[in-house]
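Taken in order, these protein sequences are the chains called A and B. FYI, in my numbering the residues of the first sequence are 1 to 251. FYI, in my numbering the residues of the second sequence are 1 to 278.
One or more hints might be untrue.
Only part of the chain A face toward chain B is listed, based on derived beta-carbon distances under 8 Å [claimed, not checked]:
1) Asn53
2) Arg65
3) Gly66
4) Val68
5) Lys85
6) Asn95
7) Arg160
Keep in mind that the hints were calculated from the coordinates and are not lab data. Just so you know, even glycine gets a beta-carbon here, dropped at the ideal spot from N, CA and C.
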Amino acid sequence: MSEEKTFEIRGLFTYYGEQQVLKNVNCDIPKHRVIAVVGPSGCGKTTFLRVLNRMNDLIPSYRHRGKVTLEENDIFEIDQVKLRKHVGMVFQKPNPFPKSIIDNVTFGPKIHGIRSKQRLKEIAERSLRQAALWDEVKDDPKKNALNLSGGQQQRLCIARALSVEPEVLLLDEPTSALDPKATQSIERLIEELSERYTIIIVTHNLQQALRISDYLMFFYLGELVEFDTTERITTNPRDERTNDYLRGIFS
Amino acid sequence: MRVDRFVRFIFALLTFLFSALIVVLMGFLVIRGIGKITWQFLSSFPSNSMEAGGILPAVVGSAYFMGIALAFAVPVGVLGAVYLSEYSRESTLKTIVLSATNILSGIPSIVFGLFGLALFCIAFGFGTSVLAGGLTLGIMALPYVISNTYESIRAVPPSYREASIALGASKAQTTFRTILPAAFSRIITGVVIATGRIVGETAPLLFTGAAFYITRNPSTVFQPAMSLPTHIFVLSAVYPETVVSNLEGTISVLMIIVLVLFSLAGIIRSRTRRKLEG
């Protein structure tokens, strides 16, 4: 892998209380690519994702060991708030704020100090366009976000994450609560966004991972078993466990 | 199955009796005095040694007492609850504070009255005044505001908190811009109910802020004031039957205020529920 890097992860171990989750994870995440994180339930893939924007730190019993850098800055040393501005996240279940569409996409910029109405309006429009939601909501941007459909809500959450201009987007099973049509529109969106953003997506759906990802990361029992281009892994998995997973032996 | 039907019958009967009791009680109290309520009654001072005239100073006084009570209980209660739910660690102290809050709401109101007398009137030197009475009522409302706000904050879905933090919001920004707005209408509902509970409190005001009979509204918070519940107490305890129509009128006014407050709380609650469920 000789691509430009975003995250570099060295010797990462994580624990919830006494329970060890991730075991010695080492990898470099390439820039402006779609990286799918797959593996059976409980393998640590969501924990891995939440290391990257330090969301795990909210859990009192959580501890980690090892080094993670983003563009050569140690993420455990820089301010959490600053880190999360650079590393956006979209959750499994769409979770828009119970406010208007426009308030959802201006919340982030506002808390980061942007006051100008004009500027906020521009950011809102840009983010909604990027999330392919603009055309559907431009007539009534004051509408309560909770009145949108599930797929629209999830695209709004993506727009909200984009509104603070992150470099990396973490997606935690973003389509698991959506119907096939909404899933398809999110997948198309991910493809478009990967031109400008590094996208790391956890998914339970192997087919989805194969459809959208450039790289595949396979976790098993807390171990990063294999990480390479999706093409190489699917045609020629090096580890037997990866092979078993791809053939659907455990899922 | 006959047992089931029997149990069902018993429950239905009890529910009916209970509801009937409330309706009869409310109806009786409100209807007896409602004819007495005129603009004249609400807007004039008592006259002829309180045997005639209106209840203006009691209405105004109650409004003052409520104003001071809420000005104290709402900020202290809401911020206290924010501290307990967002900032304090899980500890024995927190458990003690939370259970103390619950115990506090079970303390008889006369005890609050004496406490207010000792602390505000004597120790702080406020004397019998609107300020001392209002603060005493505020202390009574406080446990309710704290526990209700605490529950309201707890009821905000954790996903809102996560979304806010993932956008790079600090803890304070998350608390004040995401959590509190999402809990806002529940918190307000609690404040309205707390108001409904203390607006009829008599004992806490008797020693701390209530005037027996005044002919001018207080001009500062260091003067005593009349209030609706203490006026009812005075008219019924001290006077002969000559004031019965004024007494009934006052009771009606107080009952209507309480009913309006509780209905308002119910309306806010159901509207929020509808909004949150889309």
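Satisfaction of the A:Asn53 interface hint, Cβ to chain B closer than 8 Å
holds, 6 Å
Evaluation of the interface hint that places A:Val68 against chain B, nearest CB under 8 Å
violated, 17 Å
Return the status of the interface hint for A:Lys85: holds when the least beta-carbon distance to chain B is below 8 Å, violated otherwise.
Since chain B brings a Cβ to about 4 Å from A:Lys85, closer than 8 Å, the hint holds.
Any CB of chain B closer than 8 Å to the CB of A:Arg65?
violated, 23 Å
Closest C-beta approach of A:Arg160 to chain B relative to 8 Å, hint status
For A:Arg160, the interface hint holds, since the closest Cβ of chain B sits about 7 Å away, which is under 8 Å.
Does A:Asn95 pass the interface check with chain B, least Cβ-Cβ distance below 8 Å?
At about 4 Å, which falls below the 8 Å cut-off, the nearest Cβ of chain B leaves the hint on A:Asn95 intact, so it holds.
The hint names A:Gly66 as touching chain B; please verify it with the least Cβ-Cβ distance against 8 Å.
Nearest chain B Cβ about 22 Å off; hint violated.
In the structure shown, a violation is registered for the earlier hints numbered 2, 3, 4, in ascending order.
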